[in-house]
Structure formats: C-alpha cells, structure tokens
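Can you build the whole structure from these sequences, using the hints too?
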Amino acid sequence: SAEDFMSAVRRAHKIYLDPKRWSQVQKTAMEGDYSWTKSALKYVEMYEAALANRKAKPASVREA
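Each residue of the sequence shown is one higher than the one before, counting from 217 in the numbering used here.
It is worth saying that the hints were derived from the structure and are not from the lab.
Think of the CB as a built atom: it goes at the ideal place given N, C-alpha and C, for glycine as much as any other residue.
Take every hint as true, because none was put in to throw you off.
Okay, derived cross-link-like pairs now, BS3-like style, lysine-lysine, Cα gap no bigger than 30 Å in a straight line:
#1 K254 to K271
#2 K258 to K271
#3 K243 to K230
#4 K243 to K254
Simulated restraints on C-beta separations:
#5 M262 to Q240: 31 to 39 Å
#6 A228 to A268: 40 to 48 Å
#7 D220 to K273: 37 to 45 Å
#8 M246 to A268: 30 to 38 Å
Here it is in structure tokens:
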C-alpha cells in the first residue's frame with residue numbers, strides 16, 4: 217500500500233542520515249552474493265527437483 221511504501225522510505229531515510237547505521241547497511245550489502253551465477257545455480261537446482269518429482273509420479277497422475 218502507499219502507506220507501507222512511505223513508511224519504508226521514511227525508515228530508509230532515517231538510516232541514511234545516521235552515518236554509523238548507514239555504513240553497516242553498506243557493509244552488509246557488500247557481503248551478499250547477488251551474482252547471476254548463484255541465481256542460475258538455484259534455478260538449475262529447482263528445475264532438476266521438478267524433473268525428479270515429475271519422474272517419481274506415475275504417468276496417469278502426470279496426465280491428470
């Protein structure tokens with residue numbers, strides 16, 4: 217909702233104005249792995265799990 221969005225913006229602005237907290241947010245963000253490689257590996261894992269799940273079901277269930 218618009219109210220929730222504004223609340224989030226206000227919280228972010230408050231953190232931004234506090235140099236110590238802002239620095240911690242930056243450090244935490246830089247420690248994360250946001251690469252496509254990680255995302256692609258997770259997608260492959262999900263795809264393989266879906267295929268394994270499909271193969272585990274009898275054909276009559278899959279066709280329903």
